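Residue numbers (the UniProt record's numbering), protein chains in the order written: chain A, 1 to 517; chain B, 1 to 125.
FYI, nobody ran anything at the bench for these hints, they're computed from the structure.
Just so it is clear, the structure is predicted and the values come from calculations on it, not from any experiment.
The beta-carbon is built from N, C-alpha and C at its ideal position, and this holds for glycine as well.
Treat the hints with care, since some could be wrong.
[What the hints assert, rightly or not] For the chain B half of the interface with chain A, some residues (derived, Cβ under 10 Å), not all of them:
(1) Ala38
(2) Ala98
(3) Ser108
[What the hints assert, rightly or not] To list a few chain A residues with every Cβ distance to chain B over 12 Å, as calculated:
(4) Ala45
(5) Ala70
(6) Tyr128
(7) Leu294
(8) Gly342
(9) Ala443
(10) Ala502
(11) Ser510
(12) Pro513
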Amino acid sequence: MAAPTSAVDLSAALITVPVPLGHWLAILPVAHCITLGAVLLMLRAYPRLQAWLAISGLALLALIDAALLAKVVAEGPLTMVMGRWLPPFGIAFTIDLFGALMAFTSALAALAAGIYALTDIGDSGRRYGFFPLLMLLMAGVSGAFLTGDVFNLYVWFEVLLISSFGLIILGSERRQIDGALKYAVLNLIATTLFLVGVGILYAVFGTLNMADIAARARDLRTTAPLMTLASLFLLAFAMKAAAFPVNFWLPAAYHTPRIVVSALFAGLLTKVGIYALIRVVVMLLPVERQELSLLIAFIAAATILVGALGALAENDIRRLFGYIVISGIGNMLAGVALGGTGGGISGAVFYALHSMVLMTALYLAAGEIARRGGGFLLSGLGGLYRQSGGFTALSLVLFLAACGLPPFSGFWPKVILVKAALDSGAWWLAAVILAGGFLTTIAFGRLFLLAYWRPAPMAAKPAAALWRAGLPLAALTALVVGFGILPEQLLALSQSAAAGLADREAYVHSVFPGGIR
Amino acid sequence: MEPLLAILVGLFFAAAIYLMLSKFTIRIMLGIAILGNAVNLLLFTSGRLTREVPPIIPAGLDSLPAGTANPLPQALILTAIVISFSFLTFLLVLTYRAYQDLGTDDTSEMRAAEPDDRPLPPLGY
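Just chain B, with the same shape it has in the complex (with noise of 0.2 Å):
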């Protein structure tokens, strides 16, 4: 199970770089997405995986018995899908409000915190 996640992971994160080299603030957006669901595939599988045995601790017993699941990448990734989402959404409305600014989603022309005609620094006293 874990080669088939992790080429998995890998798939993802290819995905993600590609779509977050494009120029358009939009497909970066999408890319960070990406990025987000890649890196909480990669924390699920370093946790090691095993099958239908949840972390209870049954009737009698005091300790979990071997083989069950592990709870805390599980723990660690809620906590990562929280604040990828948060993220994300701020991120899309500040996109969004760029656009309306700038009226432009090409990075390439967003250029009022460097404008091009910058002037040149006094050369002379």
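Chain A extracted, bound-state conformation (with noise of 0.2 Å):
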């Protein structure tokens, strides 16, 4: 029993006042995903409620974190502290600009794949829980993407991973299940790296709190082995976002589960891979990614050039567009080498938004390329221009943007990273972006030319248009256009995300309002 009388003073360490209502918007994206999660699953005899219901959920999450971003650009970043305890003893969920942005687009690319799992997932995938799975891998997302706390980030990851190990295997086939061991050993690995990292960092700093490592990192950095911290991290990260030399494992494993599931993969795991490598190098660590900005730089320039030559040798539509994944990977990875004084980390931060609604657009096409074209392999495809002319609009929309051609989204942020590389002086690094993006558009116009423009190798069966698999696709592609034609909007906030995360008063201030300490 406490003693009624303390000398020491708790509220420097307890909430003592209630937590203002908007606040929690903080924590309900995650609070929201689990509970929707736990109930789709005792809903399991129901299949086709529970479709409605996850679907009418992401719809929900998608206004929830736009109700977020809206309160962070009005008022800079948000913080909420759990269990009253104030930081670094609480674990913090802050949400800056970044964060934000980040959760709200890939709400809009989960919500997308939502609706398109109408089609994709039959009964028995309902049954086997794949609405389910989504939620919680939608609760592992926003959580990586919300939290403060370097430890708390880890167990995102692993929430994500588990929900991914049972969306990648949903269907037991052969292939699958090779598929599903490679992804996961791999992965499983790459989060006890990250994990590694986590311990080494608690070693040296005391403290697990982003704001409070962020703020301290400069006194610490004579003697503390900081630069071996931030290549841990690097390699980790590199690993889950598929960079060069450590990315045979997407290949291998993406063109494998159904395709909305490849859809959310690709739209989002990578992602959450470059989004924590931004938040740890870049915010945490900023003099060690200065260090070692040339050896990101040559990774980056691997992983577009063997992400596009890739992407080239490929028959399959479905691992054709795994390298395309990676090779946008490696254009991001240009970002967080050039770095954010000449805008690199905005252009990594715009083209991991694009990336997200674009990849998912991708892969979702592939699903209606084999369901009119009667299969994945680019050599049996054909006539699908003569099929639907609408159809092959849209996928040429898609394809122009992942090469980054204008007028659509993929050519603002490498416009941003080639003028950086260029500014810079790396000249190498804006040819090799380039360079990619001249092969991507080599692979991209073979497949337009052997899967619509070609005469249909056999009479296929022509296969009707689905509201379910078109409004998604349809949606996603106006983003898609949107982004490229007014990209003012989009093109202030990611500058404003990265002036966030390289100047970290702001963050700071909203974790810790009294300073530190």
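Reconstruct the complex from the two isolated chains, following the hints.
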């Protein structure tokens, strides 16, 4: 029993006033997803109800994230602490502009995938828990984007990882089990490496709160092995994001699950890796990022080229898109290498947002190609243009956006990145980014020629258009076109997100309103 | 005490990496099990070790006396143990299922997702 009169001032460690209602928004995306996931699990005997509940839940998630984004844009970073303990004792959810943007975009991609799942996931897939796993995946993804604590970030990584294991083996085909084994082992090793980094981080700083670490890194720079730490985090997150040379697991696994699962993974999971890399390396250890920038630039260049060349040599369109995902990761890493001063980070943030929408849309388009053309192999496809002009136009928009051609969303981040590279004197990196775009254009040109323009190899029965497949695809394509034609808003947002990462005052102030200690 | 544990952690990591470099899935799983324990020990060591003083505030005091054990790494390890154990069980089931379905535990023969004889993409139009 605590003594009634205490000499210790507990108000420095505990919250003694009620939390303002608006702050609950910080935790709501995660709480909503977990609750709905549990409810959906109980409703597994009602596949139709489950599906509609999940889709309305995802729509609600997008609304919550939009409200959160609006609040962060208006008021700056938002912090909520758990269990009455103030940071650095308690776990804090801190949402800055970067996290809110990523969370909102991921919710949009998940909503589109959820609607597409109505066509792609049958009753048996729903009974095996597609929708509950989808909600739990979104809980993990949102938690990773919103948390302000490094160990907590690790926990959310694990939440999304275990849900992704469940999703990737949904269907239990032979090749799925093969792909899932490689995916699971490699990703588990990557998260374990991340945990090693967290352990050393705790040993060095004695705290796991990101704001606390960011504020203290300056004093510890001379004594602590921060360079080792930064390299360890770089390796762990590069594995997650599938950067060269640890990218081989992605094309081995991403083409095996149901197409909507591939779409979700391609859209969200690699971007969570990039997000964590930017958060830890750019925000917490900026000096070390500077030191590592040449290495990161080489990795980025190799990733872009490996991805684009791999895409050129593929016959299966899902594997082709897997290489495009890798090539996009290279572009974001180039932004990380170039740093904040020249606009590299804002380019990486913009590219990540564009890539989340685009990669989801591309895989959904792959599903449509297979449904209309009867398969995923380029050697057997043909005649899609004859079948549906509308779908051809949609696909062409997506392909051009992936190549980075104007006027679609891939153009602007590439312009920023190339300009940042030229400004900082890394002309070779700019050349690689442009060459990557060129090779991607050839790969997509070939895909378009073979699958759309070439006459159908045999009289394939044309499949009927389904709104459940067309609506999410059209909505995502509209976003891609919108980002491309009206980029100012997003450009301004990603620039201020990058500025918030470089100048951490607002972030630290949001967690420690009264200054540290 | 810390140097001893640090050496032990190093040995665990070495054994884990050696096992994970094998091409047989069951050895990889053993490596992952050891890797999880290596990381737990690392977290434990990173909290600085003190002997036999539990982190309990004695009667009549307001805060922990100096020299008590650090409770936070133990909370972290508890989380990490739960997670790594559940992942290991999932992976073991997956490995067994892969052995049943693919008929091998040799990863170089697991080519269901990426068959050796995949057709080349069309070279002309």
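These are the hints, each one checked on the structure:
no., hint, result
1, Ala38, "holds (8 Å)"
2, Ala98, "holds (5 Å)"
3, Ser108, "violated (12 Å)"
4, Ala45, "holds (24 Å)"
5, Ala70, "holds (33 Å)"
6, Tyr128, "holds (14 Å)"
7, Leu294, "holds (27 Å)"
8, Gly342, "holds (36 Å)"
9, Ala443, "violated (10 Å)"
10, Ala502, "holds (29 Å)"
11, Ser510, "holds (23 Å)"
12, Pro513, "holds (23 Å)"
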